[in-house]
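Asks: The sequence shown begins at 4 in the numbering used here and counts up one residue at a time.
One should not assume that every hint holds.
Unchecked claim - Cut-off 20 Å, straight-line C-alpha distance, at most; resulting in silico cross-link-like pairs (EDC-like, lysine to aspartate or glutamate):
(1) Lys320 <-> Glu279
(2) Lys320 <-> Glu337
(3) Lys320 <-> Glu219
(4) Lys320 <-> Asp330
To be verified - Ranges between beta-carbon positions, derived for each pair:
(5) Arg328 <-> Glu181: 52 to 62 Å
(6) Arg244 <-> Asp272: 32 to 42 Å
(7) Ala384 <-> Arg71: 49 to 59 Å
(8) Leu57 <-> Leu34: 14 to 24 Å
Hints were generated in silico from the structure; no laboratory data involved. Where a beta carbon is used, it is the ideal one built from N, C-alpha and C, also for glycine.
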Amino acid sequence: MSTQVMTTDETGRTSGSPGAAARSPVLVDALVALAVLAYNLPVQGLAGPVWTLLLPLGLCLPYVLRRRHPRAVLATMLLVAVVQQLAGVELLVADVMLLLAVYGVARRELWPWSLPAAGLVAGWVLWAVAPRLEEYYLSVLDLVLLVVVVAAAWLAGTLVRTRAQYVESLRLRAEQLERARAVDAEMAAAAERTRIARELHDVVSHGLSAIGLLAEGAALQVDQDPDRARAAMLRVRDTSRDAMQEMRSMLSVLRDAGTDGPSPLPGLDQLPELVERAAGLGLPVRLTVEGERPPLRSSLQLVVYRVVQEALTNVGKHAGERLGRVDVSLRYGEDELSVTVTDDGPGPSTPGAGAARPDDPPGGGAGEGQGLVGMRERVTAHGGTLSTGPGPDGGFCVRATLPVRSGG
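From just these sequences and the hints, can you work out the full model?
Replies: If you want it as structure tokens, here you go:
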């Protein structure tokens with residue numbers, strides 16, 4: 004099977020198909036001009052002066068260039084037609100080329116150019132035909148009809164030009180929409196990558212931090228208290244399994260994004276379990292809930308869970324031996340909910356240090372920065388606010404406030 008390549012030129016015609024050369028616009032115009040010229044010569048005859056034979060040539064040959072130079076072509080034809088009348092030469096068959104020239108100007112020029120051009124041709128028609136009404140057995144109605152024909156040629160060219168401009172605007176609009184779709188696709192891909200990175204950080208960072216703390220405790224107890232060391236390692240095993248299960252759930256949700264059904268990702272119902280696991284790691288954590296929980300979207304519940312999870316992970320990393328308590332407070336209001344995680348650890352190294360801890364490396368660790376950025380992105384995406392910094396009584400405080408909207 005052969006493949007035919009089709010292209011479109013500026014005139015809206017196709018090329019590349021069989022016989023395209025026969026339908027070349029310039030070739031077609033040349034054939035039209037030659038046909039009119041060939042018909043004009045026997046009608047005009049050879050009785051007049053020889054120079055009058057040049058008049059039909061001046062009316063027909065410029066037509067070949069009408070697509071590239073429509074104004075110049077019409078001006079040339081009109082000049083020849085004026086000379087024809089001044090010389091007293093009878094009307095010629097080739098005079099019909101003026102109508103085609105009017106169409107060509109209207110097809111390619113805006114009306115401030117094409118309308119006066121059509122008016123000039125209509126004026127020439129009145130000048131040339133009005134004195135010869137009786138000679139040609141014409142009436143005033145016939146004269147008006149000739150002017151209407153000129154107007155029709157102008158109108159036809161204007162309509163074709165308007166349609167071509169409309170089609171071109173549709174093409175440009177389609178290209179703009181295609182580019183916009185490409186940009187939207189890139190932005191969606193970037194947002195999805197950010198979402199995946201945030202989810203992976205929340206799951207992996209929390210799990211590895213817990214495993215690290217348990218393993219460190221087991222290493223310290225392996226000689227003095229082998230039973231406690233063994234229990235700690237069993238917790239390492241359980242924690243790693245929980246982290247793997249949560250990662251599988253998270254990946255399942257990412258693969259099935261957009262499908263209906265309950266989300267396997269954690270929510271508010273899993274907060275007590277999260278606090279219990281943190282307590283099992285040695286954190287003196289306490290959960291308090293105030294108010295009645297309204298129906299909340301699963302995505303909003305996940306935000307609250309991740310904020311608490313990240314805050315507890317940071318407490319375990321940074322609080323040190325001076326830690327005496329960790330309070331997790333969840334408060335439901337009429338229009339918003341707030342979750343606060345405070346501790347009485349060493350707190351920021353200096354007032355106004357924001358999320359920094361005394362033992363942070365210069366510039367902050369990659370994990371801490373990613374965690375805080377992820378928390379802020381999650382909260383902001385749901386129309387909430389996040390604040391981190393020194394607590395009212397020392398230590399460190401993470402507080403997120405989120406608007407409440409009913410829904411599953």
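Asks: Work down the list of hints and note, for each, if the structure agrees.
Replies: Okay, the hints, checked on the actual structure:
1. Lys320 <-> Glu279: This hinted pair holds, its Cα atoms lying about 17 Å apart.
2. Lys320 <-> Glu337: With a Cα-Cα distance of about 35 Å, the restraint between Lys320 and Glu337 is violated, given a limit of 20 Å.
3. Lys320 <-> Glu219: holds (12 Å)
4. Lys320 <-> Asp330: Since the Cα atoms of Lys320 and Asp330 sit roughly 16 Å apart, the hinted pair holds (cutoff 20 Å).
5. Arg328 <-> Glu181: 52 to 62 Å: Cβ of Arg328 to Cβ of Glu181: about 58 Å, so the range 52 to 62 Å holds.
6. Arg244 <-> Asp272: 32 to 42 Å: violated (20 Å)
7. Ala384 <-> Arg71: 49 to 59 Å: holds (57 Å)
8. Leu57 <-> Leu34: 14 to 24 Å: holds (21 Å)
Consistency note: the structure conflicts with the earlier hints numbered 2 and 6.
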